[in-house]
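Asks: First to last, the sequence lines map onto chains A and B. The letter at position 42 of the first sequence is residue 42 when you use our numbering, and the numbering goes up by one with no holes. The letter at position 59 of the second sequence is residue 59 when you use our numbering, and the numbering goes up by one with no holes.
For the record, the hints were derived by calculation from the structure and aren't laboratory data. Ideal Cβ positions, reconstructed from N, Cα and C, are used throughout, including at glycine. Check the hints yourself; a few may be wrong.
Computed cross-link-like contacts, EDC-like style, restricted to lysine to aspartate or glutamate with a CA-CA straight-line distance of at most 20 Å [unchecked claim]:
#1 B:K10 / B:D47
#2 A:K2 / A:D23
#3 A:K2 / A:E233
#4 B:K10 / A:D147
#5 B:K10 / A:D153
So the derived label-pair ranges between C-beta atoms look like this [what the hints assert, rightly or not]:
#6 A:A162 / B:E51: 44 to 50 Å
#7 A:R140 / B:A49: 58 to 64 Å
#8 A:T178 / B:G12: 20 to 26 Å
#9 A:A37 / B:E59: 45 to 51 Å
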Amino acid sequence: MKFAVVVFPGSNCEQDTRHVLADVAGQEADYVWYATAGEEALAGYDCVVLPGGFAYGDYLRVGAIAAIAPVMEAVRAHADAGGLVLGICNGFQVLLEAGLLPGAILRNRSLEFRSQWVHLRVEDARTPFTREYRPGQVLRVPIAHGDGNYFADPQTLSEIEAGGQVVFRYCEPGGAVTDAGNPNGSVNAIAGLRNRRGNVLGLMPHPERCSEPVLGGTDGLGMWRSLVSSLVEA
Amino acid sequence: MLARIHVTLKPGVNDPQGLAIAGGLRQLGFAGVEGVRAGRFLEVRLDAADERAAARAVEAMCQRLLANPVIERYAYEITDGDPEAVEAAIAETVEEEA
Numbered sequence: 001m002k003f004a005v006v007v008f009p010g011s012n013c014e015q016d017t018r019h020v021l022a023d024v025a026g027q028e029a030d031y032v033w034y035a036t037a038g039e040e041a042l043a044g045y046d047c048v049v050l051p052g053g054f055a056y057g058d059y060l061r062v063g064a065i066a067a068i069a070p071v072m073e074a075v076r077a078h079a080d081a082g083g084l085v086l087g088i089c090n091g092f093q094v095l096l097e098a099g100l101l102p103g104a105i106l107r108n109r110s111l112e113f114r115s116q117w118v119h120l121r122v123e124d125a126r127t128p129f130t131r132e133y134r135p136g137q138v139l140r141v142p143i144a145h146g147d148g149n150y151f152a153d154p155q156t157l158s159e160i161e162a163g164g165q166v167v168f169r170y171c172e173p174g175g176a177v178t179d180a181g182n183p184n185g186s187v188n189a190i191a192g193l194r195n196r197r198g199n200v201l202g203l204m205p206h207p208e209r210c211s212e213p214v215l216g217g218t219d220g221l222g223m224w225r226s227l228v229s230s231l232v233e234a
Numbered sequence: 001m002l003a004r005i006h007v008t009l010k011p012g013v014n015d016p017q018g019l020a021i022a023g024g025l026r027q028l029g030f031a032g033v034e035g036v037r038a039g040r041f042l043e044v045r046l047d048a049a050d051e052r053a054a055a056r057a058v059e060a061m062c063q064r065l066l067a068n069p070v071i072e073r074y075a076y077e078i079t080d081g082d083p084e085a086v087e088a089a090i091a092e093t094v095e096e097e098a
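Using the sequences and the hints, build the whole thing.
Replies: Right, dumping it as structure tokens:
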């Protein structure tokens, strides 16, 4: 399987992400520079990952300038063709700004930068990103963001919920979705969601930071295993 | 030409920054503060044939980049293209902010 990890000016999780894909999941993984233009820039890749960081210093709005970077033409073409796209943290914000996922991100309700472990409930275990998890499984995954407060207007939100597009919700360790388990104020405790077609996923938490025991947790491994098993079958 | 653009969160969209600023003002004793909405102010200098052409360009800029229509709304005014007037307007703004 061949993964592309897109690098924007200000990305800072691209090495962690590539390390996990290559050294832990044992897959081929390349960096692709943001300035790479043309629809064919990502030809030959099975999955495109937009990593975490602070692309363009979060100027204007988080993800806004990265969403119009030259490489995004190819990311859009890859998604339109049914290719897998995964956005983690800042990568999720970029996908929202690019319109590849519905909704937007606001400043954390607390106004604090939150760097901590959170619990996520797997709402949809049928996606190519989550098929190795069990429905309702609770994962322990770290977050690190100041802008992670997911927002969608009531109509969009009801469409997202009706379409089963919520893939991860913040929850308490036992799996209860409560305000106390929600670290940033996201509406309906949404931590990650997919597009209607199911080939684009964005999430604020960092599965690449919990895929090796030395890092204090391995609950992120299921995502890489899911991607690999879905790509093998495809 | 000079476009002065205001981008603010739509009504109904939670504004944690505005809430914190309102709290700060009350802390300072401004008891009459009923609410604060934080936003962005941008000045765009641009070359355009006339004000209508400038407005068309600025409208497109707001829709495609400067505002996120999911959460924000925008308003702008466009002033004369006289470079000296533009520089003066900017200097005035800088002074007001200082």
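Asks: Confirm or reject each hint.
Replies: Outcome of the hint check:
1. B:K10 / B:D47: violated (30 Å)
2. A:K2 / A:D23: holds (13 Å)
3. A:K2 / A:E233: The hint holds at about 14 Å.
4. B:K10 / A:D147: Within the cut-off at roughly 18 Å; holds.
5. B:K10 / A:D153: This hinted pair holds, its Cα atoms lying about 10 Å apart.
6. A:A162 / B:E51: 44 to 50 Å: Cβ of A162 of chain A to Cβ of E51 of chain B: about 45 Å, so the range 44 to 50 Å holds.
7. A:R140 / B:A49: 58 to 64 Å: holds (59 Å)
8. A:T178 / B:G12: 20 to 26 Å: holds (24 Å)
9. A:A37 / B:E59: 45 to 51 Å: violated (27 Å)
Checked against the numbered hints listed earlier, the structure breaks hints 1, 9; every other hint is satisfied.
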